[in-house]
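Protein chains in written order, with this note's numbering: chain A, 1 to 324; chain B, 325 to 654; chain C, 655 to 1164.
It is worth saying that the hints were derived from the structure and are not from the lab. Since the model is a prediction, treat every value here as computed from it, not as a measurement. It is possible that part of the hints are untrue.
Each computed PhoX-like pair below joins lysine-lysine, with the alpha-carbon atoms no more than 20 Å apart [to be verified]:
{"id": "1", "chain 1": "C", "residue 1": "Lys1032", "chain 2": "B", "residue 2": "Lys515"}
{"id": "2", "chain 1": "C", "residue 1": "Lys1093", "chain 2": "B", "residue 2": "Lys515"}
{"id": "3", "chain 1": "C", "residue 1": "Lys1000", "chain 2": "C", "residue 2": "Lys1093"}
Residues of chain A placed beyond 10 Å of chain B at every Cβ, according to the derived structure [said to hold, decoys possible]:
{"id": "4", "residue": "Ile73"}
{"id": "5", "residue": "Ala94"}
{"id": "6", "residue": "Phe128"}
{"id": "7", "residue": "Phe160"}
{"id": "8", "residue": "Thr190"}
{"id": "9", "residue": "Lys214"}
{"id": "10", "residue": "Gly249"}
Quick list of the computed label-pair ranges, beta carbon to beta carbon [as the list claims (entries may be wrong)]:
{"id": "11", "chain 1": "A", "residue 1": "Lys318", "chain 2": "C", "residue 2": "Leu769", "range": "35 to 43 Å"}
{"id": "12", "chain 1": "B", "residue 1": "Val426", "chain 2": "A", "residue 2": "Ile245", "range": "42 to 50 Å"}
{"id": "13", "chain 1": "B", "residue 1": "Leu429", "chain 2": "A", "residue 2": "Leu30", "range": "47 to 55 Å"}
{"id": "14", "chain 1": "C", "residue 1": "Ala1045", "chain 2": "B", "residue 2": "Ala360", "range": "30 to 38 Å"}
{"id": "15", "chain 1": "C", "residue 1": "Ala714", "chain 2": "A", "residue 2": "Lys318", "range": "34 to 42 Å"}
Every residue, glycine too, gets a C-beta built ideally from N, C-alpha and C.
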Amino acid sequence: METRATTEQTKSLPSLLQRVPAVAWVLLALIAFFAMLAPGFFTLGNFLNIAVQGSVLMVLALAATIVILTQGIDLSSGAILTFSGIIAVLSMQAGLPAPLAMLAGLLTGLACGALNGFLVSWALLPPFIATLGMQGVAGGLAVVLSRAGAIYADAPFFTFFGSGRLLIIPMPFVVAAVAYLCTWVVLYQTPFGSYIFALGGNEAGAALSGVRTKSWKFGVYVFAGLLAGVGGVVMAARLRAADPIVGVGWEFDAIAATILGGTSFEEGRGGIAGTIAGVALIAVLRNGLNVIGLATAWQAAVIGTIIIGAIVLDVLLKRKGILK
Amino acid sequence: MQETAAKKPAGLRLDLSFVYRFSRIFVLALLVTFMALVTPNFLTGTNTINILRQASLSAILALGETIVILTAGIDLSIGAVLTMSGIVGATVLKMDGVPLWVGVLAGVGCGALVGLLNGLMVAVVRLPAFIATYGTMWIAQGLAVVFLRGYIIYDFDKRFRFIGTGYFLDIPMPIIIMALVFGVFWFIMHKSTLGRSLYAVGARQETARLSGINIQRTLILAYTFSGLCAGLAGMLFVARLNAAEAGLGDSLLLPVIAGVVLGGTSLFGGEGGISGTVIGVIIMMIIINGMNLLGINSVWQGPVQGAIIIIAVILDQWGRRAAARQQVGG
Amino acid sequence: MTGVPLIAARGIYKAFPGVQALDNVDFDLYPGEAHVLIGENGAGKSTLMKILAGAYHPDAGTIEVQGNEVKIQNPREAHSLGISIIYQEYNLVPFLNVAQNIYLGRAPRRQTPLLGALVDHKKMHADAETLLRSLNTDVDTHATVKFLGVAQQQMCEVAKAVSVNARVIIMDEPTAALTSREIEQLFNLIRLLKSKGIGIVYISHRLNEVHEIGDRVTVLRDGRYIDTKQVSEVTVDDMISMMVGRSIENLYPRNYREPGEMALRVTGLSSQALRLRHVNLNVRCGEIVGLAGLVGAGRTELAKAIFGAAPYDSGAVEIFGQPIEKNNSPAKMVRRGVGLIPEDRKSEGLALILSVAENVVMASLERLFPRSFVSGKKEASVVDGAIKDLAIATPSGKRQVQFLSGGNQQKVVLAKWLATNSRLFIFDEPTRGIDVGAKAEVHSLMDRLVAQGAAVLMISSELPEILGMSDRVYAMHEGRVVAEVPRAEATQERLLAYMMGQENGNTRNN
Chain A
1 METRATTEQT KSLPSLLQRV PAVAWVLLAL IAFFAMLAPG FFTLGNFLNI
51 AVQGSVLMVL ALAATIVILT QGIDLSSGAI LTFSGIIAVL SMQAGLPAPL
101 AMLAGLLTGL ACGALNGFLV SWALLPPFIA TLGMQGVAGG LAVVLSRAGA
151 IYADAPFFTF FGSGRLLIIP MPFVVAAVAY LCTWVVLYQT PFGSYIFALG
201 GNEAGAALSG VRTKSWKFGV YVFAGLLAGV GGVVMAARLR AADPIVGVGW
251 EFDAIAATIL GGTSFEEGRG GIAGTIAGVA LIAVLRNGLN VIGLATAWQA
301 AVIGTIIIGA IVLDVLLKRK GILK
Chain B
325 MQETAAKKPA GLRLDLSFVY RFSRIFVLAL LVTFMALVTP NFLTGTNTIN
375 ILRQASLSAI LALGETIVIL TAGIDLSIGA VLTMSGIVGA TVLKMDGVPL
425 WVGVLAGVGC GALVGLLNGL MVAVVRLPAF IATYGTMWIA QGLAVVFLRG
475 YIIYDFDKRF RFIGTGYFLD IPMPIIIMAL VFGVFWFIMH KSTLGRSLYA
525 VGARQETARL SGINIQRTLI LAYTFSGLCA GLAGMLFVAR LNAAEAGLGD
575 SLLLPVIAGV VLGGTSLFGG EGGISGTVIG VIIMMIIING MNLLGINSVW
625 QGPVQGAIII IAVILDQWGR RAAARQQVGG
Chain C
655 MTGVPLIAAR GIYKAFPGVQ ALDNVDFDLY PGEAHVLIGE NGAGKSTLMK
705 ILAGAYHPDA GTIEVQGNEV KIQNPREAHS LGISIIYQEY NLVPFLNVAQ
755 NIYLGRAPRR QTPLLGALVD HKKMHADAET LLRSLNTDVD THATVKFLGV
805 AQQQMCEVAK AVSVNARVII MDEPTAALTS REIEQLFNLI RLLKSKGIGI
855 VYISHRLNEV HEIGDRVTVL RDGRYIDTKQ VSEVTVDDMI SMMVGRSIEN
905 LYPRNYREPG EMALRVTGLS SQALRLRHVN LNVRCGEIVG LAGLVGAGRT
955 ELAKAIFGAA PYDSGAVEIF GQPIEKNNSP AKMVRRGVGL IPEDRKSEGL
1005 ALILSVAENV VMASLERLFP RSFVSGKKEA SVVDGAIKDL AIATPSGKRQ
1055 VQFLSGGNQQ KVVLAKWLAT NSRLFIFDEP TRGIDVGAKA EVHSLMDRLV
1105 AQGAAVLMIS SELPEILGMS DRVYAMHEGR VVAEVPRAEA TQERLLAYMM
1155 GQENGNTRNN
């Protein structure tokens, strides 16, 4: 028995490691591929570029990861991102000081997340339908409030979060790092984190252990909404504008980054470390296709196909036992 | 007095399952009455035809979606598939020397093909349906843009446009086509073994499997039907607009799913059916049309449709549970 | 028994739609004793335990904990009253480690100011370590539960139950998935807990365990309280007769006849995933063959493997003399005239939200409607015939199956397979959780089937049913068929011995 316990334990460690390199290898291959095709790709400037472009996606993907860990899904994060940005910019236009306006943006995300959480936890809607409805509501309100066009704001405090630098590090990257750190603490250092894994791994068991599963599931969606709000504010700060279609489709990239990063829909398996690799993969892909000059028209189709292809491959290889 | 009070509950006990089943017809009637009272134009012949014509396109999409949802799945790609099929069909139609039917077939076939792909991912790879179809949604939308090459394809042969704008016996063609699709699907769902399999798979997949039903084949067919419907609706849309562009299917997904849900098909599969869907879609179209007639800015469509989906699912689940509770109690 | 009982439940009633699960049941538990709760499936054991654990609420009755009357609203309250339960289904979270699982919902927080929201991992692991050592187990507290063996997972469950300072630990069939050595380990643990003054409620089907671990035993039958005895005062036979409450002979009218052609022959079937090892058995037309074994012996897995519903690694299956290709499917088996009445009626046998009619024709769509068109007339005649034939109590074929009683639901499953005209039936726990009347009807139906030349393989956890119905009996133990016993030689004692792995009766098979 003793020996079995230890061998099983040592087995679990490589099984996690085994997972991360799978994405990492593809990532390296992609980088090599783009570097060979386009000399402008493998430069510090471009990597900073990728980091900035990937930052908002990272924040959104963190949200997607914790939701998917609970066997849920959030199809509304892109729309919430848009909506939060619009609220932040509108608040500034209405004369609110930049910090308060940005807070308004975050609270918007939080409120949308809370509604999602209520619908999933207590109204018992399947997550995909609750968040699909939310996508319509938040995305639609963004269009309503912006009168279907871009709106601008350039308060220095605000734009600092988009284009400023802390020492030499671009602020969006700093925000993403802070968001990662916070999510890491929540996921691995608080009881809430264990409940997230429990919701996905054995919800009934957790309830029988006295965990208030509904409240915590609600909390997960609130947290995810807040992260989407953060993403929206940073995005708006970078563009110095909010646009009612800016976040369209981002939820798909976020979900894809999560799945490619090794978080699965079964049993609450995965974590946010892998999501970094997933985000890097998608950010590099988007940037690389741009740099090598693939026509914009082709990019959506190519990226979509690669992502879905990768997910399908990942699932099939795992089932065959080739990947852990 | 006391006697009647004691008797009353028994005599007047509402049969909740009956109420539940016909609740959408009440809603429809209520909505029509309301619209007729507040807007004089609502009950005019042209507006009714208009609503039905609009509804027929959404209904075709919704019929396919209903079949998928009955299997406890979801097809989020229908709007994008409609766009892509419309553009593919339009491109083929514009080729020199290609007969019309080939172009239509290309569009419909394109939709069916994407549906087949969805079906394979759900049934064979066993991806969650919302992931697989969400992926194809972005791919199809992207491919639509690729095929379009930045142009709008317009001005088609009159005979092609007939299926979108023409009349047969004073009835608009889209309504006739919708009725045909409904007829075929009604037959499949209620008079064929495939229909039984679809319901069984949706109601309880493991039971269906252990009863010897081929799960994979059934699921693949469901998604293929849905894609086929999207392709057909795409061709109708192009024929009506006399143009194909990259935004064809935008903002169709939400009202279609809302229509299915309003029609009483359970998102958990196995319950509901295509007849309810037609009513649900008409309700949805009256709301959309009514918002226009009432002069509400069209930007409100998104939030309203999102809210309707959510409220409809909540009410539907609530009604279903209440009816079931009464059944058990009684 | 003296002193204040840890738990005293009096006059507990609980009804579910269509069934009175508990009907005036009493139960008590004293410190340091192991009180075994036995009864057939559906007797109400699990329901009673769930009420004590706060997962269900009784319709009537009182519960006293250490002399104080309480209302246990939810599992959390049960914990605070010192009641812990270890369910049959594992309560563990696969991708958390052992310590996190033990303290799920109660993790120690850091004492440092401002960091009080964070988990004190160091203390948690130290506590878990101490706890596990005090239970004489050496599971690594950092191990991910998913990658532990079944026995070690169970140790985690016990540790988790103990960690709430439980004075009462309820164990629901804890040995079902354990090997005999692991069971011994668990028993040592239970003795240790008893010596600490903890009361154990022990639910089991394995009557031989009662004497080994129990102090008192309470028997439930069909939701009713039968009796409570000192374990030293009762024999296994006493317990069986209390559980069954009737003698076997007059209950199972069987007409035995000469068996015919070979319907099923399984040779050397093995599967790592299903934990089946070199299984050999055969069933002939005209006979009912019983498959006895404890929960977890692999009977259901074997049935699924034969039916093509679960893949196996090696071995051969022949149906009516025809070899079956290895990667088979239920669809193909149905076409060959095989039917499986699964153990879990609600999730595998029926589609609850569909109508009686839709369920009845589900497995025979191809046979009834070979041209894929459903003829309403034909369907109605099949369905109405089945309703009449099996006396299914339903207003019409349109009624949703979820609104029928358990016995009638099981009849719908049977009707589904009768409609297929199958000639080999695998019954997995055919009478679990249904009332006595329906039971008798199911049994006479089985007899009728074999009289008409069909073959039946019947899995059952109720030995009286196995003995009363079978022409021959196979006993399974830990994934193998360990014995084949003809009807004339089959006794409860003998079968039990085989099922427990105490005797190997049939070396020919292994």
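So, going through the hints one by one against the coordinates:
Distance hint between Lys1032 (chain C) and Lys515 (chain B) is fulfilled; the C-alpha atoms sit about 12 Å from each other, no more than 20 Å. Restraint check for Lys1093 (chain C) and Lys515 (chain B): not satisfied, since their Cα atoms lie roughly 35 Å apart, outside the 20 Å limit. Between Lys1000 (chain C) and Lys1093 (chain C) the alpha-carbon distance is near 17 Å, which keeps this suggested pair within the 20 Å criterion. Non-interface call for Ile73 (chain A) relative to chain B: violated, since the shortest CB-CB distance, roughly 6 Å, does not exceed 10 Å.
Distance check for Ala94 (chain A) against chain B: the nearest CB is about 19 Å away, which clears 10 Å, and the non-interface claim stands. Not every CB of chain B lies more than 10 Å from the CB of Phe128 (chain A), the least distance being 4 Å, so the non-interface label is violated. For Phe160 (chain A), the condition that its CB be more than 10 Å from all CB atoms of chain B holds, with the nearest at approximately 32 Å. Annotated as non-interface, Thr190 (chain A) keeps its C-beta farther than 10 Å from every C-beta of chain B; the closest such distance is 28 Å.
Non-interface status of Lys214 (chain A) relative to chain B is upheld: no Cβ of that chain comes within 10 Å, the nearest being about 16 Å off. For Gly249 (chain A), the requirement that its beta carbon stay farther than 10 Å from each beta carbon of chain B is not met, with the minimum near 6 Å. Here the CB-CB span from Lys318 (chain A) to Leu769 (chain C) is close to 38 Å, well matched to the stated 35 to 43 Å. Take Val426 (chain B) and Ile245 (chain A): their Cβ atoms lie about 36 Å apart, and the range 42 to 50 Å is violated.
Our hint of 47 to 55 Å for Leu429 (chain B) and Leu30 (chain A) is violated, since their Cβ atoms are close to 39 Å apart. At roughly 54 Å, the beta carbons of Ala1045 (chain C) and Ala360 (chain B) sit outside the given window of 30 to 38 Å. Between Ala714 (chain C) and Lys318 (chain A), the C-beta spacing of about 51 Å breaks the proposed range 34 to 42 Å.
Hint compliance for this structure: hints 2, 4, 6, 10, 12, 13, 14 and 15 are not met, and every other hint is.
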